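There are 4 protein chains.
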Amino acid sequence: MKKTAVKFLQKPKLDKPVLIGGLPGMGYVGKLAAEHLLGVLRAKKFAEVLSPHFPHHVVVEACGTLRPLRNELYWARLDGKDIIILVGDVQPVSSEGHYELAECILGLAEKMGVKQIFTLGGYATGKYSETRPQVIGVGDSKLLRGIKARGIPVERGSGPIIGTAGLLLGLGQLRGIQGVCFLGETHGIVVDHRAAQAVLEVLADTLGIKFNMTNLEQRAKMTKEIISKIRREVELRERKKKQREEEESWYIG
Amino acid sequence: MKKTAVKFLQKPKLDKPVLIGGLPGMGYVGKLAAEHLLGVLRAKKFAEVLSPHFPHHVVVEACGTLRPLRNELYWARLDGKDIIILVGDVQPVSSEGHYELAECILGLAEKMGVKQIFTLGGYATGKYSETRPQVIGVGDSKLLRGIKARGIPVERGSGPIIGTAGLLLGLGQLRGIQGVCFLGETHGIVVDHRAAQAVLEVLADTLGIKFNMTNLEQRAKMTKEIISKIRREVELRERKKKQREEEESWYIG
Amino acid sequence: MKKTAVKFLQKPKLDKPVLIGGLPGMGYVGKLAAEHLLGVLRAKKFAEVLSPHFPHHVVVEACGTLRPLRNELYWARLDGKDIIILVGDVQPVSSEGHYELAECILGLAEKMGVKQIFTLGGYATGKYSETRPQVIGVGDSKLLRGIKARGIPVERGSGPIIGTAGLLLGLGQLRGIQGVCFLGETHGIVVDHRAAQAVLEVLADTLGIKFNMTNLEQRAKMTKEIISKIRREVELRERKKKQREEEESWYIG
Amino acid sequence: MKKTAVKFLQKPKLDKPVLIGGLPGMGYVGKLAAEHLLGVLRAKKFAEVLSPHFPHHVVVEACGTLRPLRNELYWARLDGKDIIILVGDVQPVSSEGHYELAECILGLAEKMGVKQIFTLGGYATGKYSETRPQVIGVGDSKLLRGIKARGIPVERGSGPIIGTAGLLLGLGQLRGIQGVCFLGETHGIVVDHRAAQAVLEVLADTLGIKFNMTNLEQRAKMTKEIISKIRREVELRERKKKQREEEESWYIG
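Protein chains in written order, with the working numbering: chain A, 9 to 261; chain B, 9 to 261; chain C, 9 to 261; chain D, 9 to 261.
It should be emphasised that the hints constitute simulated quantities derived from the structure, not laboratory data. As the structure is a computational prediction, the values presented were derived from the model and not from experiment. Watch out, some of these pointers could steer you wrong.
[Said to hold, decoys possible] Computed list of lysine-lysine pairs in DSS-like fashion (alpha-carbon distance at most 25 angstroms, straight line):
#, chain 1, residue 1, chain 2, residue 2
1, C, K232, B, K11
2, A, K123, B, K52
3, D, K89, C, K10
4, D, K89, D, K135
[Said to hold, decoys possible] Far from chain B by the CB rule (all over 10 angstroms, computed), these chain A residues:
#, residue
5, K21
6, K24
7, P32
8, G47
9, E69
10, R75
11, R85
12, E111
13, L152
14, R164
15, G165
16, K237
[Said to hold, decoys possible] Below, a sample of chain B positions facing chain A; criterion: calculated Cβ distance under 7 angstroms:
#, residue
17, K52
18, V57
19, L74
20, G165
Beta carbons are placed, not taken as given, at the ideal position from N, Cα and C, and that holds for glycine.
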């Protein structure tokens, strides 16, 4: 394995599949969303991607078994729509590795007839959103216009999109593959099922498909509780700090 | 894309063109100067350069559209002189990447008949120059002598020239391409249109061409105002600090 | 030497040898254990591995002689069992280098008929274990079940296994080579013969072989004494610190 | 230039030349010594080495001319002895680059009939040696024994030898080229002509050649004066600091 390589477990014949990518990143939003999809769509794994640009360690699974770090490709069919889902343990360690992985997956996508890519992720705000997390959409302008025209709540985004979520779209473009990246608003320090749910709902509306969200909704509630708890603690600390400062200023002043 | 690659959009026939390079760097001086040239010369893009040695993110443009990071090559003709202009979002992330990019662009330049290269950039002083920013010229001694003989205000420079601005000239030399790097004096913490203007004026005199500077002059004034404002604030803070120290020394002493 | 390369000193004919790997890592546990094996099994060196991914320095030996950094492969036969032992000065400096080294050694192992790999190492706890250091086993589930069924004291492990100890097993799996990694509990700041002894005992039981441990036992006792001394000092310092804090609180309070 | 490459300016026919290497490193000892040799032996440059593993900047020379970073190979003949001297601006930026450079130079050395290599450098002590700086010799045991037998003052060394000085010898060994690295004792924060002189004297004795040291001796005296001045200042500061501490303890105590 001198470079990023795909190992096929089966070769499904798919009809213009849509590629959905969710690798670990900010708040684990993309990974959580994509892995939820795997479950509800009963997706079947058809390929594994290994790379010398992944970190130099191996994963130990719950049972004590060990395996190399990898990305995985699954496929599913829903309402007559063929879907490929990219998930994985990690992203590459270097810029060069990121480009190699993206090109490797795009080569495979092109051969399988992929015309559209949706990548999922989070964008950090450093704040706890009270209301439903916003979802930002960046990518192909025609695709985005279509999405907004249908009333799907997607905000305009800015700034660089780092890693595979961005490169798959940017380099895909050069191969004539359209794409959009949906990023859910997240604090940045919590694994965020709530943002994952928001991102998935936008994706489902965009693809015009429906699937069970129950599991994710429950976990999203737990995320909300964790965030509330952290927030209360932070506020408490800040109140104490302020009080202490006032007392001190009283003594000194 | 296993390595730095050029994608041609058109193949202009040029007559011994001069290559002018301005990539992001200190004070964004080179990039600002080269991009101003693009506008005033109504230059046409003929090639894009992509590289796995660029950072692993993508650019989101104002409209929400996304694209890979790239360098771009434009061409223009002014007063019978053919000009190629290199601009770009970024420079490579590694030393090896810098050498690869420079060699890639030099290969293209050689094929297109380039005999002279001028690269533009800034050099940081950490100070706010009251007067017109100095421009340093380093590179081919014969070229430099000619420039100075014509009374163009270019100072002698020293120190290493980091990145593509230097490598294009250093490695170009080995291919028999002469070149000079013009570096404008800049503070280092401000995007500096003023230094860009100074560098462009020297370049225009060197090439014996004239073009509209109005837009840049206006932005240069804004830079000057920003710098004055920062300076006043820094001075104010320092005065306060000094005053506080004097008061304290009065109490203690 | 553009990439990791094996230099053979002899080509022993071995019968389904077991590969045992112990490179420098946490507490030097793996290296100590593997080097002890070399001695007691009177193993013969048959190959050296050099790599441009090793650090860019050379080793100076006690006599003032100098040599490149390397990994080494030895072989031995015990109770009719053929054994290959991997030891070395260092591990590669980059992720890419780790993958290359592991693949290089696995290529050689496959050709020599290796069907099982055991890698040895330490896992840091930041604590001084009073009792015999635990040994964790991760890897092939069938192999692990067999080991536990025979009453060998191996605990279930978790977390990533970093470096060659993990990659040899993870990437070996893809070539149909089973393997287990034994990690001895260690503090993390001491070269730990005690953990090495614990790991070797588990390995010996697993392979059903017996060999002299005397030397290692003596050094293990020294490790224990070093650890006890460090512990007493740490406790002393903490007692003093606590005392000082109490005194200060008395004055202030 | 995808990898380290040699550009020949002439192809001298040499008779079993000795290769002497001095690249920038600790105290610039090796570089100073090798460059002094160039002058006194009136050595002629016959090759330049360029590498994408060198830092990504270019050198600006006193006259304002610019050139790529490089290593250079010179040759000279003294008392019937052929000598190749390696000097340069820099060493590579990565481990992989160091290995590539060393292999590149060794390939050339082998073709030119080199059987012995001497590399020069410094080892930092963090102290100012009152007496003549010691010189450590590490490398081929037979060569070292011969050197010591002749009463040349070379001490036994230990520790890793970092960079090209070490790799040329370590990897040269594998090609059957003997070698020794001479390291002069140096403080580590001063460009040290004194250590360079000490190293060169040992080298001259080893090779049985004589050459003018006047220039280096004068600079060595200057180094000594600089070191004395720094030492006096450091001592002064420490005295002041101690005094201040005593005064404070008097007030507080």
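Here is what the structure says about each hint:
1. C:K232 <-> B:K11: 54 angstroms, violated
2. A:K123 <-> B:K52: Status violated; Cα separation ~30 angstroms.
3. D:K89 <-> C:K10: 33 angstroms, violated
4. D:K89 <-> D:K135: Violated, because 37 angstroms separates the two Cα atoms, which is more than 25 angstroms.
5. K21: At about 28 angstroms from chain B, A:K21 clears the 10 angstroms cut-off, so the statement holds.
6. K24: 22 angstroms, holds
7. P32: 14 angstroms, holds
8. G47: Given that every Cβ of chain B is farther than 10 angstroms from that of A:G47, nearest at about 29 angstroms, it holds.
9. E69: It holds; A:E69 is separated from chain B by about 28 angstroms at its closest Cβ, greater than 10 angstroms.
10. R75: 25 angstroms, holds
11. R85: 28 angstroms, holds
12. E111: Violated, since 6 angstroms does not exceed 10 angstroms.
13. L152: With a cut-off of 10 angstroms, A:L152 comes too close to chain B, as the shortest Cβ separation is near 6 angstroms.
14. R164: Nearest chain B Cβ is 5 angstroms from A:R164, so the label is violated.
15. G165: 6 angstroms, violated
16. K237: Answer for A:K237: holds, closest chain B Cβ roughly 33 angstroms.
17. K52: 20 angstroms, violated
18. V57: At 13 angstroms from the nearest chain A Cβ, B:V57 fails the 7 angstroms test, so the hint is violated.
19. L74: Where the cut-off is 7 angstroms and the nearest Cβ of chain A is about 5 angstroms from B:L74, the hint holds.
20. G165: With a closest approach of 31 angstroms, the B:G165 hint is violated.
Hints 1, 2, 3, 4, 12, 13, 14, 15, 17, 18 and 20 from the list above are not met by this structure, while the remaining hints are.
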